[in-house]
Amino acid sequence: MPGDHHQGPAGARPRRGGVPVSPAHPVVLDSWLVRDGRAAGLELHLERFAASCRELTGQPPSASFLDEVRAACARARGEWFPKIEAREGRWELTMRPAPARRATTTLWIPEHPDGRSHPGHKGPDMPALLNLRERARAHGADDAVLHRDGAVVEAATATLLFARGRTLIRPPGPRLPSVTERLWARSWPGPVRTQAVFLEEAPSLRCWALSSLHGATEVVGWWGASAPR
Numbered sequence: 085m086p087g088d089h090h091q092g093p094a095g096a097r098p099r100r101g102g103v104p105v106s107p108a109h110p111v112v113l114d115s116w117l118v119r120d121g122r123a124a125g126l127e128l129h130l131e132r133f134a135a136s137c138r139e140l141t142g143q144p145p146s147a148s149f150l151d152e153v154r155a156a157c158a159r160a161r162g163e164w165f166p167k168i169e170a171r172e173g174r175w176e177l178t179m180r181p182a183p184a185r186r187a188t189t190t191l192w193i194p195e196h197p198d199g200r201s202h203p204g205h206k207g208p209d210m211p212a213l214l215n216l217r218e219r220a221r222a223h224g225a226d227d228a229v230l231h232r233d234g235a236v237v238e239a240a241t242a243t244l245l246f247a248r249g250r251t252l253i254r255p256p257g258p259r260l261p262s263v264t265e266r267l268w269a270r271s272w273p274g275p276v277r278t279q280a281v282f283l284e285e286a287p288s289l290r291c292w293a294l295s296s297l298h299g300a301t302e303v304v305g306w307w308g309a310s311a312p313r
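In terms of this note's numbering, the sequence shown is residues 85 to 313.
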């Protein structure tokens, strides 16, 4: 299904750090799973998208565009994975069939640390993150671990949460504010803490990978330079 476009103010052009963004990649994007007209946390996704648009482009999405997104999701039957983008002064909606989902996750730990320029936003670093995920798949894993100073940050396309006993552990940022994490953590029966989880410890803890497509999947394997031999 082709994407729908909404034009921003005349001459508006998304900018990243004061530099015009390449037209090949969106400045900001978001996506989520829709099942028969229902999407978990849809308003939270739209709020995150709007906040990133304001910060990175100085131009929030129009109310009419957001209403169009809500209406398209409500009309959708079956399973869809819509994507919204801020690109060259326009906002775009693309309704895509939902990809296959997995029940568990395996992770690959790359040698180099997290090199994102905008870890708190979804979009500016996406080409590099998708490339990193492809490298993880080449190593037999589902996703790649982003790490900083020897500690887990998140995965290339998912949030990583851990459990120490009854305590749910959220790695500190900067990282993407996850909608799925926010919804899932509400139902956790014990305390929720923000604490560092170092790569050496991570495989010994219970861990879940959270994303809007796959939901919360248990991490069942760790591969790579810092994984146990």
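Certain hints may be false.
What the hints assert, rightly or not - Mimicking SDA-like on lysine to any residue, the simulated pairs with C-alpha atoms at most 20 Å apart in a straight line are:
| # | residue 1 | residue 2 |
| --- | --- | --- |
| 1 | Lys167 | Arg122 |
| 2 | Lys167 | Leu113 |
| 3 | Lys167 | Ala156 |
| 4 | Lys167 | Leu297 |
| 5 | Lys167 | Asp209 |
| 6 | Lys167 | Glu195 |
| 7 | Lys167 | Ser146 |
| 8 | Lys167 | Thr188 |
Think of the hints as simulated: they come from the structure by calculation, not from any bench.
Looking back at the hints listed earlier, which ones does the structure fail to meet? 6, 8
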